[in-house]
Amino acid sequence: MTQPKPRKPRPLGSLLFYFGYFSALLVIGAPMALLSIPLPLRQRFSLLNIYNRFVLFWLRITCGIEYRFSGLENLASPPYVMVANHQSEWETIILHTLRPPLCTVLKQELLQIPIFGWGLRLIKPIPLDRSQPAKMLRKVLKVGGERLDEGLSVLIFPEGTRVPPGKRKPFSKSAAMIACKAGVPIIPVAHNGGEHWDPKSWIKLSGTLSLRIGKPINTQGRRADEVMAEAEQWIETQLAEISAVPRPTLATTESDAAPKDATQA
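Note that the numbering used here has the sequence shown beginning at 32, numbered continuously upward.
Hints may be right or wrong, so weigh each one.
[Unchecked claim] Per label pair, the in silico range of CB-to-CB distance:
#1 Gly182 / Asn249: 18 to 24 Å
#2 Gly197 / Ile68: 41 to 47 Å
#3 Glu181 / Gly148: 33 to 39 Å
#4 Thr192 / Ile234: 19 to 25 Å
#5 Ala260 / Phe50: 42 to 48 Å
#6 Tyr98 / Gly197: 20 to 26 Å
#7 Gly214 / Tyr98: 18 to 24 Å
Please keep in mind that the hints were generated in silico from the structure rather than gathered at the bench. Every residue gets a Cβ at the ideal spot worked out from N, C-alpha and C, and that includes glycine.
All chains should be modelled from the sequences, with the hints used to inform the complete structure.
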């Protein structure tokens, strides 16, 4: 197996990336959103994913980021609840291109962004109002279950927010609660996207980005906390192998409050 390429800052490439990123939102994103309105949901995803695929292509060209994926065969039998660590915007883009349609739990504010938010509304997300935390979990459980009943898969980031490389937050068990109630498996996903796409910096880092998809975790007849613990352990084990920045063990983060809601992309 070839060794991953080292990370290097790409300031000029990052400028070019963002120029194409925002230009494509107008040139590709807006027309695709309009054209997809009368289409069935699965065709909407295919059309809107043209923009996502361009962003990933352009990121590789301008910033020298290569991708190493494994476990794609584990996405063969939807519906399921996908859970992933959350570090950057990269994973919210790439995961929608792997096995659409995929309904994401996300911040309600994202739906207000011109063009971008319009497209999100067309693919049946599960928006959360952070000003009403008491209602968030109930909404995720209700709407998430409805999406699964429709045969759609659901994406949840159980850390509840973006967590930088080298940091850790306990996982909320809401994803497992939805999956256990619906009797569908959980698909765990681990990646090191934040080591190349830092949400707090406009400069991207070149190198090899890894994403691993685990085997489906059975939920039938099991408790949600047991299922979530298995998914979290798998993700942490993979991150220990692919991350350049070590993460603390769960024992060192027990003092942190666990997320009360499911996730916010």
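*Find the hints from earlier in the document that the structure breaks and name them by number, from lowest to highest.*
3 and 7
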